[in-house]
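Trainee: Below are the chains, spelled out letter by letter.
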Amino acid sequence: MSVPGAWYLVLAAALFTVGALGLLIRRNVLVMFMCIELMLNAANLTFVTFARMLGDIGGQVIVFFVLVVAAAEVVVGLGIVVAIFRRRAETSADDLHVLKG
Amino acid sequence: MLGAVHPTIPDAATFAVSAAVIMGGALGVISSRNPVHAALSLVMTLFGVAVLFIEQQADFLAVVQIIVYAGAIVVLFLFVIMFLGVDRRENVAFEPLRGQRPLALLLVAIVLGGVLALGVSADWATGAKAVAGARTAGGHSNVYALGKAVFTTYLFAFEATAGLLVIAVVGAVVLARRPKMGEAAGPDGGDLGLVDDPEAEPAGLELVGAPGMASGEAVPTEEAVPTEEPVPVEEEVSR
Numbered sequence: 117m118s119v120p121g122a123w124y125l126v127l128a129a130a131l132f133t134v135g136a137l138g139l140l141i142r143r144n145v146l147v148m149f150m151c152i153e154l155m156l157n158a159a160n161l162t163f164v165t166f167a168r169m170l171g172d173i174g175g176q177v178i179v180f181f182v183l184v185v186a187a188a189e190v191v192v193g194l195g196i197v198v199a200i201f202r203r204r205a206e207t208s209a210d211d212l213h214v215l216k217g
Numbered sequence: 039m040l041g042a043v044h045p046t047i048p049d050a051a052t053f054a055v056s057a058a059v060i061m062g063g064a065l066g067v068i069s070s071r072n073p074v075h076a077a078l079s080l081v082m083t084l085f086g087v088a089v090l091f092i093e094q095q096a097d098f099l100a101v102v103q104i105i106v107y108a109g110a111i112v113v114l115f116l117f118v119i120m121f122l123g124v125d126r127r128e129n130v131a132f133e134p135l136r137g138q139r140p141l142a143l144l145l146v147a148i149v150l151g152g153v154l155a156l157g158v159s160a161d162w163a164t165g166a167k168a169v170a171g172a173r174t175a176g177g178h179s180n181v182y183a184l185g186k187a188v189f190t191t192y193l194f195a196f197e198a199t200a201g202l203l204v205i206a207v208v209g210a211v212v213l214a215r216r217p218k219m220g221e222a223a224g225p226d227g228g229d230l231g232l233v234d235d236p237e238a239e240p241a242g243l244e245l246v247g248a249p250g251m252a253s254g255e256a257v258p259t260e261e262a263v264p265t266e267e268p269v270p271v272e273e274e275v276s277r
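Those sequence lines, one after another, are chains A and B. The first sequence begins at 117 in the numbering used here and counts up one residue at a time. The second sequence begins at 39 in the numbering used here and counts up one residue at a time.
Watch out, some of these pointers could steer you wrong.
Using C-beta positions, here's what the derived DEER-type ranges look like [as the list claims (entries may be wrong)]: (1) B:ALA51 / A:SER208: 38 to 44 Å; (2) B:MET120 / A:ASP211: 19 to 25 Å; (3) B:ASP97 / A:SER208: 19 to 25 Å; (4) B:THR164 / A:SER208: 16 to 22 Å; (5) B:PRO48 / A:ASP211: 46 to 52 Å; (6) A:ASP211 / B:LEU143: 23 to 29 Å; (7) B:GLY201 / A:ALA209: 27 to 33 Å; (8) B:LEU65 / A:ARG204: 28 to 34 Å.
Not everything, but these chain A residues come out facing chain B in the computed CB check (under 7 Å) [unchecked claim]: (9) VAL119; (10) LEU131; (11) LEU156; (12) ARG168; (13) GLY171; (14) VAL190; (15) VAL191; (16) ASP210; (17) LEU212.
What the simulated footprint calls covered on chain A by chain B, stretch by stretch (three residues with Cβ under 8 Å from a Cβ of chain B suffice, anywhere in the stretch; the number is not a length) [as the list claims (entries may be wrong)]: (18) 138-151; (19) 174-188; (20) 192-203.
FYI, nobody ran anything at the bench for these hints, they're computed from the structure. Bear in mind the structure is a predicted one, so any value in this text is a computation, not a measurement. Backbone N, C-alpha and C fix where the C-beta goes; we use that ideal spot for every residue, glycine too.
Work out the full structure, taking the sequences as your base and the hints as a guide.
Mentor: Written as structure tokens, this is what we have:
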């Protein structure tokens, strides 16, 4: 008998919580991006767990699409970080308070 | 329904070790002072999640997780960290907003408690088991089932991801491209970097070398840029 799905769901909730906490308390934009990746992984783990519990492959397909969206999000986000860093040599979210370039 | 089943020792051990790896990596991401260490901790978490994917018969996703996440996304993170040279240590103890961390902890604890209470009250998984159509590995391999679902039921979404990726690539090129002063007034089109004009590149280099001289050509809204720009640009060139 494999591990019950509830264990996975609790683990995914804890992982999501840690990611959200990091997003709230860290100020480095790059680390904040990594915390978003943590939260996405927690959601992925939940989807795969539900796919196993309910016997539906749709959960795994959603994870596949989440991977694609995460890749696109990281590419654009890091492009924004590079563009901001070119104007102001810092990656702290606290110091980025001006919309004007 | 869930307390009744008891996992076998290898399954439970795999889950326990993976959970420890995942949570250790996650805590490493949010607590390490050096962004490079955070990225390496992220690899640890991603690897643990991949192990749990295999444990739940999602073989293809586990491989994709390793290749795409650990192989491409984290490398992209590391590349940007080292490209920008921001791998210096950050003072984590410094707290600019007083009370931010206790409030964040409180909020996150409320969210976690709410999610867990919801899960317990809903018996973790509601809904009927799939009886027809796409099944997880119903006699076939996981890759077969996933591929069939992607190319039949979810075909439109799959095609849409192609468009998303193209848009992301174009956006990354536009964002990471060094702006040219002469083009700043143009609405769009030439801004994409696809137009190949020979005198554009010297203009960009002149901006790097002598930003004060190039400011005469700038439109009024961009006047503030050259005064701020020399420091980061020269720093970057020196690396």
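Trainee: Please go over all the hints and tell whether each is borne out by the structure.
Mentor: How the hints compare with the structure:
{"no.": "1", "hint": "B:ALA51 / A:SER208: 38 to 44 Å", "in the structure": "42 Å, holds"}
{"no.": "2", "hint": "B:MET120 / A:ASP211: 19 to 25 Å", "in the structure": "21 Å, holds"}
{"no.": "3", "hint": "B:ASP97 / A:SER208: 19 to 25 Å", "in the structure": "41 Å, violated"}
{"no.": "4", "hint": "B:THR164 / A:SER208: 16 to 22 Å", "in the structure": "43 Å, violated"}
{"no.": "5", "hint": "B:PRO48 / A:ASP211: 46 to 52 Å", "in the structure": "50 Å, holds"}
{"no.": "6", "hint": "A:ASP211 / B:LEU143: 23 to 29 Å", "in the structure": "24 Å, holds"}
{"no.": "7", "hint": "B:GLY201 / A:ALA209: 27 to 33 Å", "in the structure": "30 Å, holds"}
{"no.": "8", "hint": "B:LEU65 / A:ARG204: 28 to 34 Å", "in the structure": "30 Å, holds"}
{"no.": "9", "hint": "VAL119", "in the structure": "4 Å, holds"}
{"no.": "10", "hint": "LEU131", "in the structure": "6 Å, holds"}
{"no.": "11", "hint": "LEU156", "in the structure": "9 Å, violated"}
{"no.": "12", "hint": "ARG168", "in the structure": "5 Å, holds"}
{"no.": "13", "hint": "GLY171", "in the structure": "5 Å, holds"}
{"no.": "14", "hint": "VAL190", "in the structure": "5 Å, holds"}
{"no.": "15", "hint": "VAL191", "in the structure": "5 Å, holds"}
{"no.": "16", "hint": "ASP210", "in the structure": "5 Å, holds"}
{"no.": "17", "hint": "LEU212", "in the structure": "13 Å, violated"}
{"no.": "18", "hint": "138-151", "in the structure": "holds (count 11)"}
{"no.": "19", "hint": "174-188", "in the structure": "holds (count 12)"}
{"no.": "20", "hint": "192-203", "in the structure": "holds (count 10)"}
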